[in-house]
Structure formats: C-alpha cells, structure tokens
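Please take these sequences and the hints and turn them into a complete structure.
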Amino acid sequence: MFGIPLFPDSASTVAADVDALYFFLVGVSGFFSILIASLIVAFAIKYRRRHVNEVGAQVQGGLLLEIAWTVIPFLITLVIFFWGAKVYFVMASPPAETLNIYVVGKQWMWKVQHIAGQREINQLHVPVGRPVKLIMTSEDVIHNFSIPAFRVKADVIPGRFVQIWFEPTKPGTYQIFCAEYCGTKHSGMTGEVVVMEPVEYQTWLSGGAPEGSLASTGERLFADLACNTCHRPDSRGRGPMLNNVFGKPVQLHDGSVVTADESYIRESILTPAAKVTAGYQPVMPAFQGLVSEEQLLALIEYIKSLSPPSEKAGQP
Amino acid sequence: MAVELPPHHYLNDGFGIKSWLLTRDHKRIALLYLAAITVFFFIGGAFAVLIRLELATPAGDFVSDDTYNELFTMHGIVMVFFFLIPAIPAVLGNFLVPLQIGAKDLAFPKLNLLSWYIYIVGGLFTFYALITGGVDTGWTMYAPLSTKFSTTRIIPAALGIFITGFSSILTGLNFIVTIHRMRAPGMTWFKMPLFLWAIYATSLINILGTPVIAITVLLVAAERLLHFGFFDPSVGGDPVLFQHLFWFYSHPAVYIMVLPAMGVISELVAAFCRKPVFGYRFVAFSSLGIAVLGFLVWGHHIFVAGQSIYASLVFSLLSFLVAIPSAIKVFNWTATMYRGSVSWQTPMLYAIGFIGLFTIGGLTGLFLAAIGMDVHLTDTYFIIAHFHYIMVGGTIMGYLGGLHYWWPKISGRMYPEGLSKLSAGIIFIGFNLTFFPQFVLGYLGMPRRYHAYPPDFQVLNVLSSAGASILGVGYLLPMFYLAWSLRYGPAAGANPWGASGLEWETTSPPPTENFATTPIVTESPYNYPSPVVKHVA
Amino acid sequence: MWVFLLTEILFFGGLFLVYTIYRTWYPLAFAAASHHLDIPLGSINTAVLIGSSLTMALAVRAAQLNSRKGIIVFLVFTMILGGVFLGIKGIEYSHKFSEHLVPGPNFQFAGAFVRPAQIFFSLYFVMTGLHALHMIIGIGLMIWMLLWAYDGTLGNGYYSPVEVVGLYWHFVDIVWIFLFPLLYLIGRHAVVH
Amino acid sequence: MRSCTEMAERTEHHVVSTTIYYAIFAALLALTGVTVAVAYVDLGPLNVAVAIAIACFKALIVVLYFMHVKYGTRLVKLTVIAGIYWIGILLALTLSDYLTRGWGTYGAQLQ
Ligand code: HEA
Ligand code: HEA
Ligand code: CUA
Ligand SMILES: [Cu+2]
Chain P
31 MFGIPLFPDS ASTVAADVDA LYFFLVGVSG FFSILIASLI VAFAIKYRRR HVNEVGAQVQ
91 GGLLLEIAWT VIPFLITLVI FFWGAKVYFV MASPPAETLN IYVVGKQWMW KVQHIAGQRE
151 INQLHVPVGR PVKLIMTSED VIHNFSIPAF RVKADVIPGR FVQIWFEPTK PGTYQIFCAE
211 YCGTKHSGMT GEVVVMEPVE YQTWLSGGAP EGSLASTGER LFADLACNTC HRPDSRGRGP
271 MLNNVFGKPV QLHDGSVVTA DESYIRESIL TPAAKVTAGY QPVMPAFQGL VSEEQLLALI
331 EYIKSLSPPS EKAGQP
Chain G
16 MAVELPPHHY LNDGFGIKSW LLTRDHKRIA LLYLAAITVF FFIGGAFAVL IRLELATPAG
76 DFVSDDTYNE LFTMHGIVMV FFFLIPAIPA VLGNFLVPLQ IGAKDLAFPK LNLLSWYIYI
136 VGGLFTFYAL ITGGVDTGWT MYAPLSTKFS TTRIIPAALG IFITGFSSIL TGLNFIVTIH
196 RMRAPGMTWF KMPLFLWAIY ATSLINILGT PVIAITVLLV AAERLLHFGF FDPSVGGDPV
256 LFQHLFWFYS HPAVYIMVLP AMGVISELVA AFCRKPVFGY RFVAFSSLGI AVLGFLVWGH
316 HIFVAGQSIY ASLVFSLLSF LVAIPSAIKV FNWTATMYRG SVSWQTPMLY AIGFIGLFTI
376 GGLTGLFLAA IGMDVHLTDT YFIIAHFHYI MVGGTIMGYL GGLHYWWPKI SGRMYPEGLS
436 KLSAGIIFIG FNLTFFPQFV LGYLGMPRRY HAYPPDFQVL NVLSSAGASI LGVGYLLPMF
496 YLAWSLRYGP AAGANPWGAS GLEWETTSPP PTENFATTPI VTESPYNYPS PVVKHVA
Chain A
89 MWVFLLTEIL FFGGLFLVYT IYRTWYPLAF AAASHHLDIP LGSINTAVLI GSSLTMALAV
149 RAAQLNSRKG IIVFLVFTMI LGGVFLGIKG IEYSHKFSEH LVPGPNFQFA GAFVRPAQIF
209 FSLYFVMTGL HALHMIIGIG LMIWMLLWAY DGTLGNGYYS PVEVVGLYWH FVDIVWIFLF
269 PLLYLIGRHA VVH
Chain H
3 MRSCTEMAER TEHHVVSTTI YYAIFAALLA LTGVTVAVAY VDLGPLNVAV AIAIACFKAL
63 IVVLYFMHVK YGTRLVKLTV IAGIYWIGIL LALTLSDYLT RGWGTYGAQL Q
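Residue numbers (my numbering), protein chains in the order written: chain P, 31 to 346; chain G, 16 to 552; chain A, 89 to 281; chain H, 3 to 113.
Hints are computed from structural coordinates only; laboratory data are not their basis.
Mixed in with the good hints there might be a few duds.
What the hints assert, rightly or not - Per the computed footprint, the stretches of chain G lying under chain A, defined by three or more beta-carbons under 8 angstroms from a beta-carbon of chain A, are:
id : region
1  : 56–66
2  : 185–195
3  : 231–242
4  : 253–261
Cβ atoms here follow ideal geometry from the backbone N, Cα and C, with glycine treated the same way.
Structure representation (structure tokens):
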C-alpha cells in the first residue's frame, strides 16, 4: 500500500501455518479492541455529564456478566494456546530426511559449512522443495539465526548445538538477520538465503569445494590431532571404536544411556570426562580450546560418516 | 467567592532545603520522588529521541553502532528501573496511601526517606556508568555477552540496579505494613479504594521478585570481577540459566509497572463517572490474581532460547491465564461507564486512552504467548510495539491521568484545563503514530536493537520517528503548565471533582498530619453522591 | 520484619536455584569438588552457629523478661560465637586460596572435572560469602542492641528491636543449616576421583 | 530508627521456657551429627533426600521455636508459608525446563 510493505514474503511450508494463526489473532484482537473502543466512546457520549451535580447510576456489579467475561476470554485463549502449540510442534519436529547444513555464528558473521565441503559467509544456498536442517552453534555470545520469510528463528547458543528446519517453497533471495543482540555490530550480522531450483543447486554444489567434503576434512583432522592413536579402526585402541557410534545409544559408566547425537559427540570431544563411555578409562584429553567450532563440525561429520548410510540422509 | 488555599498545609510547613531533604512527611517524600523521576524520564526520553533520529534513515549514519547500543540499553534501564517501576508507587502511592486509608503517615516514615536516598544512590551509580562510557548489553544483560564480552561499564550499572532494587523492596515493605496496620477505624479491606489493592499487589511482587534480580546482577558482577563461572559455557555453565533468573523477576516486574496504573484507572473511572466501580471485588481480586499468576509465566520470554519444549508449553498456557484478570479489569471499567455521569475532564481522557491502548498492548501480548507465533515475532519490533503500548500507552497515561487528578490535592491549585486537554490529545496521536507502525515492522521481520536496517523498512520507521517528535512535545507541555500552575493556578478547594474518597475530605493541600481528626469510615469507597458535590463541572 | 525475611528467602532462593541446576547437571563433579571441603571444620561451625542461635533466643527471652544483664550477657555470647564462626570460615577460605581452589585464572583442580568444579567453587564462595556478609551485618546490629541495652533504651516492655535482630540471626542460621549439607556433604560415601 | 524496629509483627508476649530452648539446641546438634554420619553411608539417591529432609526439619524447629512462629499470628505463619511457596515456584518451574530438556528442546530434535 503506497509502496509501504505491510506483509512479509512467505516462502516456506510453515509460513502459511504461521500466517493463518496471525490472521486469526489479528481478528480476535481487532474484534475486542473495536468492541472496547466503541463501547467507551459510546458511553462517554451517551452518558456525558449534563449538569454539575449529576451522579451516575449506583450499579454495583453483576455476577452473570462477570462470569461471562471471564469464561469467554478463557475459552478463546485456549484456542490460541492449542493453535500456537500446534504450529510450534511443526517447527520443532523436522522430517526424518533432511538436508543438513552447519552454521557457526560468531561476532559478527555467519559461517555456513555444507557437508559437501562448500563454505559460505553470510550466505546460505539451499534447494527449493526440500526440507533443510540447520545445525548451529556459536563461538562466543548468543546469536539468533532468523529468516523472516520462512518464519523461523532460534537462538544460537555457545556450548551446544541448536537446530531449526524449514522447507523453502519459492526460489528467491531472502534476508537473514541476527535477531539476538550480540554486541557492537549486531545489526551488521545479516545475510541472505538463496533458494535455488534443485538443478541449479546441484551445479552450485559441484561448483567447487577446494578442500573436499566436510567429512574428508574431518578425516584429515582426525589424523592431525592424533585422535587415531587411541581410536583405531580395530578394537585395539585405548578408546572405543567410533564406527557405528553416531545415532546409536551409548552406555555410560554411571549406568545411564544416551544417544550419540551431534551434541553428544561434541561434548565427548570437548569435555570427555563429563560422560565417560562404559568400559573405558577417562584418559581422553579435553580438546576444549584446542579445536575451533569449525574443526569440530568437520570431526563430527567425519564420525557421522563412519556410521551406516541411513544416518547420512543429509548427504546431497 | 473564590476558594483559597488553607493557611496551613504541608507545603508551607517549613521552607528551605533541609526541611525537604530531611523530611519524614510522606507527601514531601512523594514530591522528592516526583522531581527525581521526572529527571530520569527526560533523560530516558532524550535517549529515545536519539534512537528515533538514528532510525529515521536506514543507514547507521547518525551515531556509531556502539553509541546506538548504549542508547537503547540506557534508555531501557533508565526508563524501567528509574522511571516506570517507581513512578506510580513512589509518587502517587507515597502521597496517597496514608491519605486514602486515613492515616497520618506511612508505618515507617524514616525508612521511607531512606528509600528515596537509596534510590538516588542507585541512580547516581547508573549515572556514573552513563558518563564514564555507558553500557551496551541491552537492558536484559544476557550472559555471556554481559559477563565476558562486553567491555563497558556493566558493574556500576548492575550495582545501580541492585541498589535501587532495595529502594523498591523497602517501599513495598512500608506499604504492606501500612496497609495492614494503619487503616482508619471502619476501613475494612473491602472498603479500601481499588488503588490501594493495586499498590498492595505491586508491593507483594516487589518483595518477592526484586531479591532475585538483586542476586542475579550480583552473580553477573561476580562473574565479571572475580572470574567466577555461573553462566559461562566454557566452564560448563548455562547462559540460559541467567535468562531464567532474570525473567523470574522481570516478568513480574512488568506487572509492577502496570498494576499501579490499573489502580489509578479504577479511581479515575469511578470519580469521573461518579459511580462505584462495577464489580469491585472482581477488580480487587484480579490485582492479587495478576500478582500471583504473574510469577508463573516468565518462561514466555525464552521460547526460542533453548528452553525445553514442555516447559514452553506450560509457560505458554500460564501466560494465557494471566491475561484473564486483565480482561476482567478492562470489561469492568467499561461497564462502570455504562449509565455513569461521564465527565470529559483531562484525567478521564487519560483513563480512556489507557483502556484503549492497554487493550491493544495486552492483546498483542497474546500473539507472543502463542509459541508458534512468538518464534516469528520474538526479538522484532513487534515486541517493542507490544510493550510500549502497555508501558507508554498504558502506564504513562495512567500516571499522567493520576497526576492531573490528584494535582489539586498535591499542589492545592488547578492546572489549565484547555491546555491539558490539548496535550492529552497530542500524546494520544503521537503515541499511536510512533508505535503502531512498529507492529507492522515487526511482522515484516525487522529485528530490534538494530542500528541500521534494510531500506525497505524506511517508510514505516520515518512514520515512527515523526510520531515520536509529536509525542515528545506532548510530554513537555504538562511539565510546563503543571509547573506554571504551582504558582498561578486558581486554588482548587478540598474537592474540586466532587469525588468520593478520604483524600478529598481534607484540605488541598493537606496539612502535614493529613487529617485534623482521625476519620471514621462507614461507607464503601465509591459512594455517590459524595458529601461535597459542588465545584467544577 | 517477617516481610523483610521473605525478601531474604528469595534472595538466597536464587542462589539455591543455580545450585540445584548445576548439581543435577554435574552430580559427579559436585561430589568430587565437595571432597575438597573440610568436614570437621564445617561441622564445628554448624555447631557454633546453632549455639549462637540458642544464646540469641535466650537474649530475646531475657529482653522479654526485662533482664538487662541477661540481654547483655547473651548478646555478647552470641557475638563471640558468631566471631568464632567467621574465624573458622576465614581459615577455610585461606586453605582454599593456598590450594588454588578459587575460581579464575589460577584455578587448579586435579581430576577430570576442572570446569564444573569451578562452578562448584564459584557457588561455594558466593553462597558462603553472602552468608558471612549477613553475619557481619547481624553482629553490627547486635553491637547496636548492646548500646541500647546499656543506655536503658531497651527494657520496660520495649524489646522488639532485640526480637527483630533475633529473627534475622535465626534466619542466617537456617541458611547455614541448608548450606552445610548441600556444599560439604555431597557424595561422601562414594570415592570419586 | 526506632520506628524501624516496629517491623516485628507484634507477637504475643509469649515467653518460652528455657527447657524448650535447650531441648531444641540439643536436637539441632544431634541432627547435625546424624547428617554428617549419614553422608558416609551409601543410600543411593536417598542420600540427597535424607540430607535435605534433615535440613528442612532443623529449619522447621528453628522457625517454630527460636523464631516463635508457633506462637505467632496467622499472618506471620502465612508469610513464612508464602516464602517457602515462592521458592517452590522458582525451583519447580525452572526445573520444569531443565528436567524436560532431554525430552525435546526447541532447537534440538524431537525424538
Ligand atoms: C507493563 C508491562 C507489560 C505488561 C502488562 C505485559 C503484559 C503481557 N505480556 Fe508482555 N512484555 C513486556 C511488558 C509487558 N507485558 C516487555 C517489556 C516485554 C519485552 C521485554 C524485552 O525482551 O525487552 C514483553 C514481552 C512479552 C513476551 C515475550 C516476547 C518475546 O520476547 O518473544 C510475551 C510472550 O508471551 C508477552 C506476553 C504478555 C501477555 C500475555 C501479557 C498479558 O498480561 C496481557 C493481558 C491483557 C489483555 C489480554 C488485554 C485486555 C483484555 C481484553 C480486552 C479482553 C479480551 C481478552 C481475551 C480474548 C483474552 N510479553
Ligand atoms: C518505561 C519504559 C519506556 C518508556 C517510557 C519508553 C519510551 C519510548 N521509547 Fe522505549 N524502550 C523501553 C522502555 C521504554 N521506552 C525498553 C525497556 C526498551 C528495550 C531496550 C532494550 O532493547 O534493551 C525500549 C526500546 C525502545 C526502542 C527500540 C530500540 C531498539 O531495539 O533498537 C525504541 C525505538 O523506537 C524506543 C522508542 C521509545 C520512544 C519513542 C519513547 C517515547 O515514549 C519517549 C517520549 C519521551 C520523550 C520524547 C521525552 C521528551 C523530552 C524531550 C523532547 C527533551 C529532549 C531533550 C533532548 C534531546 C536534550 N524504545
Ligand atoms: Cu549476532 Cu546479534
Ligand atoms: Cu513477560
């Protein structure tokens, strides 16, 4: 309207759900705002004071009315609650088969690491029509990866992995914002998502990853950091074999069982003593401070690649 | 015959700086607060002006990014901790609590003065932080930015918040004890004006919530100063825990900021409709309901911050519950106007403004409480618009309405009616122009705390900045004409509005001891026709 | 006064929350770190503080009964016990310093839990430090009460100030009653490296 | 500051006998001994529970007797309960986050 944008692009599957809820809420709010406003104005005019000593009618209250305007809003809020929760569950549960991409936030840029090896800064190329999962972490403070056109965002927290997923529906270029205040250049921590047709995307992917795939970088690191002195492909090392670990339950020495997801692998590398695998001594050195977040991603991707293909659905 | 000021009242009971700075009279202390709070409001307002100037253009060209970050941080801290939280309780509350319950003073007059000094000391710390470089963490001071990365003056600012916190606690304590123990004979709980219920509920929140923010900022200071690790992921700490602690206080604090204004509105609506508040008990209990439920919803600020899904669901549901008592209030005020004798004097205009804007602000809170919606809206201008609608459109309207309503009691004189209506109008228009476009910006996705933004958003931002300048003028006017009326305004007389309530039964301004004889209460607070219905129309 | 204590409860409540969260996150680390605290000293201190609560209660009783001498004697006892507590705490702190158990760049901790142990000791120092600060304030208040007892302000049925200080002191005692098991006595049964 | 001290809600002038005080004192000492002793016995998860239960009991008798709440007004009792209740809110709702993060966290995968 008048060249003023009033409504954002909606370019992901979940955007439509969010928009529907939004319009419902605008409707409810509009209804009540207008109701209250018109009642006040009407009363103010109709019952305006006509002479100095006039007083109002001495009405004290009415139980029925009170009950009505407690119960009706309550029911409306219940509707909103369930609706909001439903949309939220969609956002929080990625489909089983996703294209995985790693994102590292740092003051003040986004580093994107594709599994095939491409790296990007403040840009993210994805194919249209395919669910994409971003696995994100931060090197310093809390950031927030936000794509308004997809209606998704999440805080990117140092010290753990955070994931969001979306399925782009329209090719195009969309804004990325950092939406959690992170210091001086917070407002400069922006970028764009480029959504491409699958074919173009394939061409883009093959366009060159000088260092090879992420997993192969990880493999090199695994040797450089001497991980392979303890974790050997056979069972003779001091550490457990890492084949077939990812995605499987791991028995810990205190008896509990955890699933070896990205966060677990990450923790195992950075602070191995926190969760010690059953049957092993806690001799693995802590690599916290020794490997960067990006190297970590490569290592994780390598360890993932040692597990059977069904776990590697994310590979393009 | 013109009305005249009484020969003896609290304002001419001693002159000179000492009679003010060492006073124990709750009315004078209220005025001390009024002065201090006004200063802080204009400091905070000046920051807002600079923010809006910067945002008039998409490029970050007016101030540097660091300066901008300090601007909104200091704007938030000053406005929240040094203006809005104390505004109504410390000024109007201090002035009115003893008057409305028919007491001579608060339970602990010296403690009351001490609270003011503590507030000032806290303010000085913050001021010191400000002039030696400012703080750039946002008012929410999230770790680890605040504990490890920022290089700005966080410790003095944190101490400032810590210290003022004690001032709020002591004031709250004072009010609670006063309301329990010093009510005039016959003033049962259900004969108390609704303003007192609101103040009582606010004080409860103060007492129960403020200590938690105190310990939280202390931990931040310890982490910065002594390298202790509480929220530091590199030693295994969880930054999200800081957010839990912060919001455990800061969500209830938003009700500290709105409940007193709701109390004022109840008084205004009753007085200017000359009618009892519809559903007195519902309005009274909804204040307590908000105070209690308000403690159960803090997690709605951290839906996308790595909180467990199930906790988010619980917090979302509870957030909807806390909206119900607010809804009850809005409906009851509206119903009070039905068949009232509605006067269009300035305070009533503010009350009407409050109801309308609070409704919009509150309803947009429902958007945010719906988790799936909040994911898109959080940390965008939608949030900014939501809370300015409640805090500026709501609470400040309530505060100004209350100030105008009780001004004749405070000063003994009337303010110029025409001018005050004009500025109420300017404020209403300026306000909506400033903050309505921000809802749209928010849904478009413009993040908050952005020093520069994509050019697409410019038109809406320009509208907002234009509105802010109108709003600024609207706020300056009352300052001048109220000051003017202190000297030149016509004397008001004891009860210029023909309102009921104990405060109107003593002279304006009241004598130091408030009432010549202890009043005895036999009637409900809003019993019309009141004893004196004769003055202004 | 009770309302004020309500505030205090939540003040410490924030700390207990932080404690609870990290204890559930790092049970082993907390147990290991706890082994570096000195149980005998901690137990003695607990007894000392309980004793001071007793003398405080007796001081209040003396005040109720208008016994000026009683007030003075018992207050002095309470202050001495409080002083002993702080002294022992000081000794413990100095041990921690020499063992490099103070969080920060000089922190040293043998074993696997360097990082979470740092959280434990951060908590240890803040919790016991704030507790000690409260005790110092309490002793200050008691000096005041002593003066009032001397000049006769107290007595003749006017004793509520002593009562208030008493409530405050007992509250401080209660905080310690929780701190002691939570900080000192974790996982003593298991040998953790 | 005299007025300040009026803060104590007026408890009835109930003078508690010294025997009770000494008994409480003895109980507190004994319980301290018990907690220390129990800490060395392996009770599994019960260790924490026992330690906290004993601490709570100790706190309770201090509050009831040393602090005279047993003889206090209803308002005083209400205040104490409110304090405990609010700490409960703080702990319970925060734990509702931490303890259920394993089941699914926004940003982590739902199982
Ligand atoms: C005085 C201040 C104040 C008040 C009263 C409120 C009231 C409410 N707030 Fe708001 N809020 C803030 C100040 C306030 N808020 C601030 C400062 C922030 C941001 C902090 C920051 O991050 O910097 C914030 C942020 C905020 C968020 C977090 C957003 C985010 O960061 O992602 C949420 C989410 O749930 C929320 C919800 C609500 C709700 C549900 C209410 C409810 O209490 C509102 C209830 C009122 C009504 C509902 C209107 C009246 C009712 C009717 C007219 C009847 C019809 C009603 C129904 C159909 C139910 N608020
Ligand atoms: C009580 C609370 C309160 C009040 C009253 C206000 C009042 C105003 N606020 Fe504020 N605001 C907050 C609380 C408040 N705000 C908080 C908590 C934040 C979040 C901070 C954060 O993110 O950490 C915020 C953030 C915030 C932002 C977002 C900044 C960002 O995220 O980048 C903006 C932007 O428009 C804004 C604008 C305004 C405006 C225009 C007013 C106007 O209403 C102000 C009107 C007043 C005046 C205009 C003063 C009049 C005085 C003069 C005209 C004299 C001028 C003198 C000189 C220039 C020397 N506020
Ligand atoms: Cu990164 Cu804001
Ligand atoms: Cu909130």
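Against the structure, the hints:
1. 56–66: Violated: only 0 residues of the region 56–66 of chain G have a Cβ under 8 angstroms from chain A.
2. 185–195: Held - the region 185–195 of chain G has 3 residues with a Cβ nearer than 8 angstroms to chain A, which meets the minimum of three.
3. 231–242: holds (count 7)
4. 253–261: Per the Cβ count (4), the hint holds.
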